[in-house]
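As numbered in our numbering, residues 1 to 492 make up the sequence shown, in order.
Keep in mind that a hint or two might mislead.
Said to hold, decoys possible - Here are the simulated SDA-like pairs of lysine to any residue, each with C-alpha atoms no more than 25 Å apart in a straight line: (1) Lys365 with Gln386; (2) Lys349 with Asn379; (3) Lys439 with Ile458; (4) Lys69 with Pro213; (5) Lys191 with Gly321; (6) Lys319 with Gln199; (7) Lys334 with Arg313; (8) Lys439 with Arg427; (9) Lys69 with Tyr279; (10) Lys191 with Ser448; (11) Lys92 with Gln160; (12) Lys191 with Lys485; (13) Lys425 with Glu382; (14) Lys433 with Leu484; (15) Lys197 with Thr437; (16) Lys92 with Tyr187; (17) Lys337 with Pro206; (18) Lys191 with Asn323.
Unchecked claim - Between beta-carbon pairs, the in silico distance windows are: (19) Lys92 with Asn443: 38 to 48 Å; (20) Gln123 with Leu34: 50 to 60 Å; (21) Asp475 with Ser106: 26 to 36 Å; (22) Gly389 with Thr175: 40 to 50 Å; (23) Gln231 with Tyr28: 52 to 62 Å; (24) Gln123 with Gln231: 41 to 51 Å; (25) Gln127 with Glu481: 24 to 34 Å.
What the hints contain is simulated information worked out from the structure, not anything from laboratory work. Remember, predicted model here, so these are calculated numbers, not experimental data. Just so you know, even glycine gets a beta-carbon here, dropped at the ideal spot from N, CA and C.
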Amino acid sequence: MHNYNVDRKYQYNCRIGNWSEEWELDEYKMKEYLKNKEKQKLVSTDKEDRLKRSLGGVNLSYANEGLVKFGYTVMIESDFMNAVVASNIWDKITGTEEAYGVTVTSQKEPIVRTAFQLLRYEQDQYQDDVIHYGQNFKIAVISRLSEKPLYLTSSHITPQKCAKFSRKQEVSISTNEGINSAWCFEYMDPKLRYEMKGQPVRSGEPVLIKHIPTCQWLATDNVQYNNEFGQEFEVFCNSYQCHNKTQNLIAEKVGRKTIETPMRNQTNQNTFRIVTALYPSQETQQNFEASYSQTLPRRRVEINKADLLNKLRRALINKNGSNGLLFFKNELLKQDKDNSGYLPQQQFKQTVQCHGINFSDLDIKEVIQSFQELDNKINYSELLIQLKGTLSEKRRNLINLAYDVLAEKLGQNVTLSGIFSAFNKIRHPDVVKKYGTDKEIFNNFVLSWGNLNPHIAISREQFESYYHDFSACVDKEDYFEVVLKNSWDIPN
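Let the sequences and hints guide you as you build the complete structure.
Right, here's the structure in full:
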């Protein structure tokens, strides 16, 4: 009998041994190959189909007014890994329910496996389609990837169920649309988290994504997860929090938090952003297909100027709050030695990068192209004017009223030093709500005026221009009103 465990010394062409059996075996293998090839069941064909299905281009939704709404197709970007969350329906997870792997990939193009849809979890008190902080929602895989509805889910750690490599709380996509698929957005700043509940979520802003049943935040770390798409990184649930002391009892006493509101700052592993289309015209289908080892480059279309300015404004707010535009303006003025209102391209780029705002090189390039004039210089004064926008009549009247009160208090001699002395830092709303000390608020107020001589007179127009810059970074009308009334002791 022929021993198939021993390598053949001769081909079946040589009539030695069981040459007929060898010939029949080769014929059978060829028939099986042709049969599988005809039915598209070859391993190579199957892998090619998988890649083609997962890497097809998709259209992201455009966030009108910058607000994230139910039904939007979005990407979820991790700040820590500079990568986007991706699903892999070919990576099946063993367990009691149908579930598949989730990773983050550095391929940040909007493709089928990186696109998700935000769906309402249940009927609640919010009647509009805008997603609010603290509102439950589901994250679903788009239908082009799977005919079955699949949702981003997680559950408590057990000895049999945990993340594959980090051993933390497992995150997967599964057919389970119960409570384990419920998530909500939380505000980044723990001091404002309780107050921001119910406020709309904006596209591109850093957020925390909390799993409702376990109260753990979605996270990612430098934990490699190799699959057929290459080297990616694991996604799991784990709340990374700082170990600094917090004033929980004081915050509860003044009503800034409840017992279930965490007050410790989180680290970047928990920071994500909701990525939407950059401009309304991004509605044409991108036939984007990638091979196993290389992705095709995609042309960046010029962004709408209004969207670009709004993105820069939000980045300034995230950096320095309501003083964001004022500090940015002072930095540009400091670099402009001849007070011309123009800066060279490279100097403008370095100023933006050194200012420390979250603004990519591509976005800076778009700003340069939008405000570039003769001699390759940037008209930053025009940029600042457009960033300020228009001042509402209500706010203008309130600013003029504050100047009248200030002028009466200072005997019509309004100087910068007089403004500093009259500034009521104790009644500032950020001091009242313990967001900062009176010393911190006063120092920020002084720094926001730049390097002006403290003894020069401040005209009504200069005072209005200052608060016009301040107003550009304040969305809430009631907060702007309280700041002016409390800071300058304006009677109600």
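message = Check whether the Cα positions of Lys433 and Leu484 lie no farther apart than 25 Å.
response = Roughly 16 Å separates the two Cα atoms, so the pair holds.
request  = Would you mind confirming whether the straight-line C-alpha gap from Lys439 to Ile458 stays at or under 25 Å?
outcome  = Distance ~23 Å between Lys439 and Ile458 Cα, so the pair holds.
*asked:* Against the 25 Å threshold, does the CA-CA distance of Lys92 and Gln160 hold or violate the hint?
replied: The hint holds at about 15 Å.
Problem set entry | Hint consistency between Lys334 and Arg313 [alpha-carbon to alpha-carbon, up to 25 Å] | Distance ~20 Å between Lys334 and Arg313 Cα, so the pair holds.
Holds or violated: Lys349 and Asn379, Cα atoms, limit 25 Å.
13 Å, holds
Q: Quickly compare the C-alpha distance for Lys191 and Ser448 to 25 Å and report which way the hint goes.
A: 22 Å, holds
*If you draw a straight line from the CA of Lys319 to the CA of Gln199, is it 25 Å or shorter?*
Holds, because 20 Å separates the two Cα atoms, which is no more than 25 Å.
Check your understanding: Taking 25 Å as the top limit, are the C-alpha atoms of Lys191 and Gly321 close enough?
Key -> With a Cα-Cα distance of about 13 Å, the restraint between Lys191 and Gly321 holds, given a limit of 25 Å.
Original post:
Quick one: are Lys92 and Asn443 within 38 to 48 Å, going by C-beta?
Top reply: 57 Å, violated
**Report entry** Lys191 paired with Lys485 [C-alpha distance capped at 25 Å]
**Finding:** 23 Å, holds
Given a hint of 24 to 34 Å, does the C-beta separation of Gln127 and Glu481 actually sit inside it? 27 Å, holds
That 52 to 62 Å hint for Gln231 and Tyr28 (C-beta), does it hold up? 39 Å, violated
The structure fails to meet hints 13, 16, 17, 19 and 23 from the earlier list, while all remaining hints are met.
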